[in-house]
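Protein chains: 2
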Amino acid sequence: MTKILYLITGNAGKAREIKEILKTPLEASNVNLEIFNLDLKEYQGTPDEIISDKLKIACNQINAPVICEDTCLCFEALGGLPGPYIKWFWKALEDEGLFRLLAGFDNKKAWTECRIGYCKPGGEPQIFYGKCEGTIVMPRGNNGFQWNPIFQPSGYEQTFAEMDPNLKNSISHRFRALEAFKDYMLNNQDWI
Amino acid sequence: MTKILYLITGNAGKAREIKEILKTPLEASNVNLEIFNLDLKEYQGTPDEIISDKLKIACNQINAPVICEDTCLCFEALGGLPGPYIKWFWKALEDEGLFRLLAGFDNKKAWTECRIGYCKPGGEPQIFYGKCEGTIVMPRGNNGFQWNPIFQPSGYEQTFAEMDPNLKNSISHRFRALEAFKDYMLNNQDWI
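As you go down the protein sequences, you meet chains B and H in turn.
Each residue of the first sequence is one higher than the last, beginning at 33 in the working numbering.
Each residue of the second sequence is one higher than the last, beginning at 33 in the working numbering.
I should point out that these hints are in silico values taken from the structure, not numbers from a laboratory.
Values in this document were obtained by computation on a predicted structure and should not be read as measured data.
Check each hint, because a few of them may be wrong.
Which copy is meant is left open, so a pair is good if it fits within one copy or across any two.
[Stated by the list, open to error] Pairs of lysine-lysine residues, derived as DSS-like cross-links and limited to a Cα-Cα distance of at most 25 Å, are as follows:
id: 1; residue 1: K73; residue 2: K119
id: 2; residue 1: K119; residue 2: K141
id: 3; residue 1: K119; residue 2: K140
id: 4; residue 1: K140; residue 2: K35
id: 5; residue 1: K163; residue 2: K214
id: 6; residue 1: K163; residue 2: K123
id: 7; residue 1: K123; residue 2: K73
id: 8; residue 1: K88; residue 2: K73
id: 9; residue 1: K46; residue 2: K152
id: 10; residue 1: K140; residue 2: K152
id: 11; residue 1: K35; residue 2: K152
id: 12; residue 1: K123; residue 2: K140
id: 13; residue 1: K141; residue 2: K123
id: 14; residue 1: K214; residue 2: K51
id: 15; residue 1: K51; residue 2: K163
id: 16; residue 1: K141; residue 2: K55
id: 17; residue 1: K141; residue 2: K73
All chains should be modelled from the sequences, with the hints used to inform the complete structure.
Rendered as structure tokens:
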């Protein structure tokens, strides 16, 4: 029997990327991934707290297996901020403004974090983590979404928004978190 | 009979300032203001949403009249951010780092916002608003707390942290919000 796993997001770009990366293991488990655009308030706090709370609320409301995704863009010079508040900063400042936020700091290092959270009714939230290190640069490129044009991963000359999506999906914070989720699916026959 | 109004805060500096400003009307209503250090999670969102949610939760948990206070420090160049997230930014960057956040922007204008929220059991949250316009400057002064050394209110040569507390308390965002709350107390005999 086909099962349904709900992906809680209102962001079409993220959904596309996640579906692409999870395609094979989901097909193997006979699971359809469907978007559920549930408008959930998020708490302030640490990223782990934020996604755990979101998972519990979503799983209770929908009463079905759910995955959530949370991304942080963390500037080393700002002690890891904007971090979980990046969406508000990106809305207000867009790429160039975010880049200018570091004008007063020599340290342009940054990292992206992705948390994929999974929960099924009656289960405990599971959190899978991925990280990608890099540098904040002047915006370049048109692929990707949100702040992708200002993030250049370590070891590459291109920003996320200049990369071929297949290359980006093979090194990104989201890919790494999803790989960890895939391992979980493979190692737990009754994961769903 | 003396009634008790609980001020939800863990910040001794704010508590001192609020007690000082509300002294007279509270005495007139025979109300004692007591600190209640309730560790509440705050939502992300607009400042009005954040304080309304906090008030409802606090009032339900304590089952007594409560006031909460929320302060935003808003940079015009950042579209009003850090705004309600200022406490995370101040913890990570302190005064000098916050000042450097504007190094890439010519516009150093800022404003402080205070919301005093009041709720009694069975009642609707009431929100009282105060604003103070000014400029972000290099940190100066030792009075005040948190980011007071980098905020210079319009029309003054001193930062909040250089001012005599009595002067600051007569022009601040918090004073103006508390004045609005005082008006409410005076115009509603059964406010508590």
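Hint check results:
With identical chains, the CA atoms of K73 and K119 are at most 25 Å apart both within one copy (13 Å) and between copies (19 Å). Taking identical chains as interchangeable, the C-alpha atoms of K119 and K141 lie at most 25 Å apart whether they share a chain (19 Å) or sit on different chains (23 Å). In this assembly of identical chains, K119 and K140 lie within 25 Å of each other by CA distance both inside one copy and across copies; the values are 19 Å within and 23 Å between. Taking identical chains as interchangeable, the C-alpha atoms of K140 and K35 are never at most 25 Å apart, the minima being 44 Å within one chain and 54 Å between chains.
In this assembly of identical chains, K163 and K214 lie within 25 Å of each other by CA distance solely inside one copy; the values are 16 Å within and 50 Å between copies. In the homo-oligomer, the alpha carbons of K163 and K123 lie at most 25 Å apart both inside one protomer (23 Å) and across protomers (23 Å), since each shortest distance falls under that limit. Proximity of K123 to K73 under the C-alpha cut-off of 25 Å is found in both arrangements, the shortest distances being 17 Å within a copy and 24 Å between copies. For a Cα distance limit of 25 Å, the shortest separation of K88 from K73 qualifies both inside one copy, at 12 Å, and across copies, at 15 Å.
Taking the shortest alpha-carbon separations for K46 and K152, only the intra-copy value of 21 Å comes in at or below 25 Å, while the best inter-copy value is 43 Å. Neither within a single protomer nor between protomers do K140 and K152 lie at most 25 Å apart by alpha-carbon distance, with minima of 39 Å and 48 Å respectively. For the homomeric pair K35 and K152, the shortest alpha-carbon distance inside one copy (12 Å) is at most 25 Å, but the shortest distance between copies (47 Å) is not. When the C-alpha separation of K123 and K140 is checked against a cutoff of 25 Å, the pair qualifies both within a copy, at 21 Å, and between copies, at 20 Å.
In this homomeric assembly, K141 and K123 come within 25 Å of each other (Cα to Cα) both inside a single copy, at 21 Å, and across copies, at 20 Å. In this assembly of identical chains, the alpha carbons of K214 and K51 lie at most 25 Å apart only when taken from the same copy (12 Å versus 55 Å across copies). Taking the shortest Cα distances, K51 and K163 sit within 25 Å of each other inside one copy (19 Å), while across copies they are farther apart (46 Å). Neither within a single protomer nor between protomers do K141 and K55 lie at most 25 Å apart by alpha-carbon distance, with minima of 32 Å and 49 Å respectively.
Taking the closest pair of Cα atoms, K141 and K73 never come within 25 Å of each other, the shortest separation being 30 Å inside a single copy and 30 Å across copies.
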